[in-house]
Amino acid sequence: KAGVTQTPRYLIKTRGQQVTLSCSPISGHRSVSWYQQTPGQGLQFLFEYFSETQRNKGNFPGRFSGRQFSNSRSEMNVSTLELGDSALYLCASSLSRSPNGYTFGSGTRLTVV
Amino acid sequence: DAKTTQPPSMDCAEGRAANLPCNHSTISGNEYVYWYRQIHSQGPQYIIHGLKNNETNEMASLIITEDRKSSTLILPHATLRDTAVYYCIVRVGRETSGSRLTFGEGTQLTVNP
Chain A
8 KAGVTQTPRY LIKTRGQQVT LSCSPISGHR SVSWYQQTPG QGLQFLFEYF SETQRNKGNF
68 PGRFSGRQFS NSRSEMNVST LELGDSALYL CASSLSRSPN GYTFGSGTRL TVV
Chain B
22 DAKTTQPPSM DCAEGRAANL PCNHSTISGN EYVYWYRQIH SQGPQYIIHG LKNNETNEMA
82 SLIITEDRKS STLILPHATL RDTAVYYCIV RVGRETSGSR LTFGEGTQLT VNP
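Going line by line, the protein sequences match chains A and B.
At position 76 of the first sequence (counting the first as 1) the number is 83 in our numbering, and the numbers step up by one without a gap.
At position 78 of the second sequence (counting the first as 1) the number is 99 in our numbering, and the numbers step up by one without a gap.
Here chain B stands alone, though its shape is the one from the complex:
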């Protein structure tokens, strides 16, 4: 799986959009970009994933650049409950002989009142 690079920490004001960047310059054509978050001492929570088109769900939007070398997770109206560590992961989506998620350090997002 391709390596990802994320800033270690970010701050955001409550009610504002939080934009979390991720670089994955070695991504392959069949690798998806996944985002998870982990609130302290809980299991990681799936947020969204995408291949090359921008994606949106009830939690967030995912913007992937045209060359697929980077992406941005957008939380449109951040709340205090969005304070968590956010992980950007790149992996092959279609499993054949097994798969794993390789977690990096992630970005600690702190939403301030």
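The following block holds chain A by itself, in its conformation from the complex:
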């Protein structure tokens, strides 16, 4: 079956702009989580959505937001981009209420110049 699909794979934006990243989970997975990975901070949890509701949030400023649609697809948005937002953004989906693992996408590499 198809894995977790993230688009676009690469993105270059200018400081002050905003960006929207997309994630399509594995069919049947209703939980979608987002992570940011940078060389300095490693992998950090951004937020998790389940049934169109954000049910867990990491320690990121309000410029980072997300949403989930009725088909479980998710988007995350970063407004007023800063140089420090340059990172690999990863999406993971899972079957909720199960100890099974998360399946990650290949990520979106965002570069802010």
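Hints in this document: simulated from the structure, not taken from any laboratory.
Each hint should be verified, as a subset may be incorrect.
Claimed, not checked - Mimicking DSBU-like on lysine-lysine, the simulated pairs with C-alpha atoms at most 35 angstroms apart in a straight line are: (1) Lys24/B with Lys73/B; (2) Lys90/B with Lys64/A; (3) Lys64/A with Lys24/B; (4) Lys90/B with Lys24/B; (5) Lys64/A with Lys73/B.
Unchecked claim - Label pairs and their in silico Cβ distance ranges: (6) Thr86/B with Ser113/A: 31 to 39 angstroms; (7) Thr21/A with Ile60/B: 25 to 33 angstroms; (8) Ser34/A with Ser46/B: 35 to 43 angstroms.
The beta-carbon is built from N, C-alpha and C at its ideal position, and this holds for glycine as well.
Starting from the known structure of chain A, arrange chain B on it as the hints suggest.
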């Protein structure tokens, strides 16, 4: 989620078993041990998880000590493609109000020819 401690790096000869240790001395009774790996610039890949019994799948074996304070991931016949950062994560398996994966620094495993 309980904190985990892993060695920062390990080397292994190709074809030999790679044994990656993880300490999780504060693990709770309902927390599972998960292992993921990340090959450079790709999304983390789920390997295996367990609660208290040893587990084996097509990728690896997971040995959890009787007191559950530590575990070892075993790659029985390491190949060059197993070179990656390996993350040991402890978390509650059954989700109720949301969950997240807390990634530490992980172990950089280098498989040498």
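Okay, which hints does this one fail, numbers in order? none
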